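Protein chains: 2
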Amino acid sequence: MKDVHATLASSLESFRAELFDFLRIPSVSARSEHDEDTRKAGAWVVERMRTAGLTAELLETDGHPVALGEWRGAGPDAPTLLIYGHYDVQPAEPLELWTSPPFEPEVRDGRIYARGAADDKGQLFLHLAALHILLGTRGSLPVNVVVLAEGEEEVGSPNLLPFVERWQERLAADAVVISDSAMFAEGLPSLLFSLRGLAYAEIRVQGARSDLHSGAYGGAVPNPAMALARILATLHDETGRITLPGFYDDVVAWDEETRAGVAALPFDEEAFREGTGAPGLSGEAGFGTLERLWVRPTCEVNGLLSGYTGQGAKTVLPAQAMAKVSFRLVPDQDPARVIAQLRSHVAQVAPTGVTVEVVELHGGRPWRARPGGVFFEAARSALEEAFGVPPVLTGEGGSIPIVTEFERILGAGAILLGFALPGANMHAPDEWFPDNHLERGIETLLAFYSRLDASFPASSAPAGPAGSSGTDANR
Amino acid sequence: MKDVHATLASSLESFRAELFDFLRIPSVSARSEHDEDTRKAGAWVVERMRTAGLTAELLETDGHPVALGEWRGAGPDAPTLLIYGHYDVQPAEPLELWTSPPFEPEVRDGRIYARGAADDKGQLFLHLAALHILLGTRGSLPVNVVVLAEGEEEVGSPNLLPFVERWQERLAADAVVISDSAMFAEGLPSLLFSLRGLAYAEIRVQGARSDLHSGAYGGAVPNPAMALARILATLHDETGRITLPGFYDDVVAWDEETRAGVAALPFDEEAFREGTGAPGLSGEAGFGTLERLWVRPTCEVNGLLSGYTGQGAKTVLPAQAMAKVSFRLVPDQDPARVIAQLRSHVAQVAPTGVTVEVVELHGGRPWRARPGGVFFEAARSALEEAFGVPPVLTGEGGSIPIVTEFERILGAGAILLGFALPGANMHAPDEWFPDNHLERGIETLLAFYSRLDASFPASSAPAGPAGSSGTDANR
Numbered sequence: 001m002k003d004v005h006a007t008l009a010s011s012l013e014s015f016r017a018e019l020f021d022f023l024r025i026p027s028v029s030a031r032s033e034h035d036e037d038t039r040k041a042g043a044w045v046v047e048r049m050r051t052a053g054l055t056a057e058l059l060e061t062d063g064h065p066v067a068l069g070e071w072r073g074a075g076p077d078a079p080t081l082l083i084y085g086h087y088d089v090q091p092a093e094p095l096e097l098w099t100s101p102p103f104e105p106e107v108r109d110g111r112i113y114a115r116g117a118a119d120d121k122g123q124l125f126l127h128l129a130a131l132h133i134l135l136g137t138r139g140s141l142p143v144n145v146v147v148l149a150e151g152e153e154e155v156g157s158p159n160l161l162p163f164v165e166r167w168q169e170r171l172a173a174d175a176v177v178i179s180d181s182a183m184f185a186e187g188l189p190s191l192l193f194s195l196r197g198l199a200y201a202e203i204r205v206q207g208a209r210s211d212l213h214s215g216a217y218g219g220a221v222p223n224p225a226m227a228l229a230r231i232l233a234t235l236h237d238e239t240g241r242i243t244l245p246g247f248y249d250d251v252v253a254w255d256e257e258t259r260a261g262v263a264a265l266p267f268d269e270e271a272f273r274e275g276t277g278a279p280g281l282s283g284e285a286g287f288g289t290l291e292r293l294w295v296r297p298t299c300e301v302n303g304l305l306s307g308y309t310g311q312g313a314k315t316v317l318p319a320q321a322m323a324k325v326s327f328r329l330v331p332d333q334d335p336a337r338v339i340a341q342l343r344s345h346v347a348q349v350a351p352t353g354v355t356v357e358v359v360e361l362h363g364g365r366p367w368r369a370r371p372g373g374v375f376f377e378a379a380r381s382a383l384e385e386a387f388g389v390p391p392v393l394t395g396e397g398g399s400i401p402i403v404t405e406f407e408r409i410l411g412a413g414a415i416l417l418g419f420a421l422p423g424a425n426m427h428a429p430d431e432w433f434p435d436n437h438l439e440r441g442i443e444t445l446l447a448f449y450s451r452l453d454a455s456f457p458a459s460s461a462p463a464g465p466a467g468s469s470g471t472d473a474n475r
Numbered sequence: 001m002k003d004v005h006a007t008l009a010s011s012l013e014s015f016r017a018e019l020f021d022f023l024r025i026p027s028v029s030a031r032s033e034h035d036e037d038t039r040k041a042g043a044w045v046v047e048r049m050r051t052a053g054l055t056a057e058l059l060e061t062d063g064h065p066v067a068l069g070e071w072r073g074a075g076p077d078a079p080t081l082l083i084y085g086h087y088d089v090q091p092a093e094p095l096e097l098w099t100s101p102p103f104e105p106e107v108r109d110g111r112i113y114a115r116g117a118a119d120d121k122g123q124l125f126l127h128l129a130a131l132h133i134l135l136g137t138r139g140s141l142p143v144n145v146v147v148l149a150e151g152e153e154e155v156g157s158p159n160l161l162p163f164v165e166r167w168q169e170r171l172a173a174d175a176v177v178i179s180d181s182a183m184f185a186e187g188l189p190s191l192l193f194s195l196r197g198l199a200y201a202e203i204r205v206q207g208a209r210s211d212l213h214s215g216a217y218g219g220a221v222p223n224p225a226m227a228l229a230r231i232l233a234t235l236h237d238e239t240g241r242i243t244l245p246g247f248y249d250d251v252v253a254w255d256e257e258t259r260a261g262v263a264a265l266p267f268d269e270e271a272f273r274e275g276t277g278a279p280g281l282s283g284e285a286g287f288g289t290l291e292r293l294w295v296r297p298t299c300e301v302n303g304l305l306s307g308y309t310g311q312g313a314k315t316v317l318p319a320q321a322m323a324k325v326s327f328r329l330v331p332d333q334d335p336a337r338v339i340a341q342l343r344s345h346v347a348q349v350a351p352t353g354v355t356v357e358v359v360e361l362h363g364g365r366p367w368r369a370r371p372g373g374v375f376f377e378a379a380r381s382a383l384e385e386a387f388g389v390p391p392v393l394t395g396e397g398g399s400i401p402i403v404t405e406f407e408r409i410l411g412a413g414a415i416l417l418g419f420a421l422p423g424a425n426m427h428a429p430d431e432w433f434p435d436n437h438l439e440r441g442i443e444t445l446l447a448f449y450s451r452l453d454a455s456f457p458a459s460s461a462p463a464g465p466a467g468s469s470g471t472d473a474n475r
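So the sequences go chain by chain: A and B. Residues in the first sequence are numbered consecutively from 1, following the numbering used here. Residues in the second sequence are numbered consecutively from 1, following the numbering used here.
Because the hints were derived from the structure by calculation, they are not lab data. All values derive from a computational prediction rather than experimental measurement. Mixed in with the good hints there might be a few duds.
[What the hints assert, rightly or not] Here's a subset of chain B near chain A, in silico, CB distances under 8 Å, partners left out:
| no. | residue |
| --- | --- |
| 1 | G207 |
| 2 | L232 |
| 3 | P279 |
| 4 | G307 |
| 5 | S344 |
| 6 | H345 |
| 7 | Q348 |
| 8 | V349 |
| 9 | V356 |
All C-beta atoms, glycine included, are put in the ideal place defined by N, C-alpha and C.
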């Protein structure tokens, strides 16, 4: 490893300068006036992939193109690693809240400030730099590598799934590494062990044909807003547990290691509460805040609308009432099954005199990492080597639909390996990435490939059936 | 009575022609382009009052003027009757839905079609015509009469209360007669026995400082929309009874005559339900639909708002949720007391982790007629004489704030004596008034004054303390 570390040390300044070039491109995918900039950033990535030693091209989609780089020198029998990232960034507005201009990167107090520094240009660049060093120094990698950098992550990746389906064979991989998240705390490297899924529906209650006078009709004609409130109030019991029959049947218990790990995390509950501004925290009885956020399913009302909502008093008996209701799911809950449970529960508890409809709006499956696989364990020990402490396993309450899609379509287990820090302002002014994580992140990846070297020595790559070798590494 | 009936018979054609003149004036108080028309209608009323034998003038307010007519020939010791009506009308739009133009009255199938035919020009005119006949034929009335016709009823009477307070002494009366409502059914004359009051509030629930990501925070940070639903669901028990402690303490039981009368009304519940379009009717157990509408208090949600209410799915954990909640009140409930009960109930049931505020928005007291008084009984037997059947007593689920204000400020009991028929389209296209009720209505009023004649014979008017005679008649 001496050679690669020496190269890293000597290249760090130029790497930083290159990253700054990348950050200077205002590749705001949401703004059509930046379409050319966005494409330019994609082309920049392709060029940087080539410099690193990959073959690379810009592949068109119905939106911004995908920068795809490949190195297949490990041979058809070696495992393949897919690295996913994105070169587009969030809009920078409100500009007046930035200390320095968003597209003029600068280092202050050990932080690189720029739009995209953390999300995700800075983290994507770590991978390109690590590959550059390894291919430049050694000329080879222990695994085949495909790098997919899309340009539409900040607008919901509308063309990524079709892209992955179209290029399914070319993207076939044994593991996917994504560096687009944050560590739990400074000095505490982290690996994500879960993402929650989502089942999102709208409950629509209809009473009278049209709004009525609440004096002339109130008391005898059913009130759909009141009916809706009564329905929503049945979704949790007094302990905060969700009441849908069968809802918890598919919830897989978490292993002791994970639960103990979560319990041991240095989490300041009062600081978390203060950060939200809520008068208090609450949730399912018997679980701590991090468990409620990461390993337990939820049921939330995301929106309510009925009748008169302007200023003052209007004596209307509404004809309709609507609630957006969503569930965050954990393995192995299935969004379609949860919507069906909601539908049957609502039919059961709906008051008489109104019609109630449950409309499914959106769904996504939950995801859980599978520690123990070669790639996951390589990432774990690489983080320990680079940061000097073993990584913690953390959860994520939100959903990243593409992760489960990668697993579903490509059959590749995902590893979410984030290097940003909490409070990185990923979608806010003054986005930053820790300057020393440029070196530390590349070191981690070098160590990661070094671990894979040990697992898949080039000379002894098993000559199993084509495409099957390494298959068990991270499934 | 022969003389007056002969006059009515011979004048009917010219009365109808006069009413048509009145209906031709587009006195749409809500539209400033009709300000001049509205004033013109007020002036028309003043002129018609004078022709009838009253002294009359147009009194200014901050909005449209009040047409005030007076006949004080019964002397200071005789009782005084205040007749309230309005000369303004609702906007006529949508014009294309009118069979004949709204301000070109015409008779079709025994109905006078025009904007204002029922609400309220046609009914106000009945009073002017009856006074015209009596003063023209007899030269006197058994009571002093004040006629107050305002021009802002259709815009919420913003200047009426200040007007009544300013002219309190001039308007002092022993009874107020209002003809601005409908009979229960054709051939079934009606007297109103009650109006419900109103207590209107907004419940505001606050969780986090601002909307949060429902994935990143959901499950641990309280959801104000869910909290609001749980609060609203506690406002009724399973029998539809309102749960606020003390809520029913001030509800006065209705007398057997009223309840029996309501039960005997020819009410088609299925036709009522079909009219609303609601899949079913529901309400407080143990009471029929008319009782639920007229003699029982209610609690309604008038509006709901929280979080994301647009199309599709947005994974937001709302910071706030709001419900407009109102109560219809019955004698002797007090709006302020009910709001206080709501406030204390909400504080009791509010989930932890959120702050809840109850903001009072509007209130009005319930009203109940006091049958047995001279004026009320005169109206009752006059209706029987004119229509051939005794009037039914009906309730009204809505509120007419000015009724209780008249009683409060002037000390005059109100009599709501309506001659329109159900389905009169008062605020809709093709408004109509039954043509034969022009004659029947005037007949009723002639009989009404004839009954008062018997109660207050001019020669024997009691010479009690000034302003006190007749005082007990209808309090």
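Could you check the structure against the hints above and give me the numbers of any it violates, in ascending order? 5, 6, 7, 8, 9
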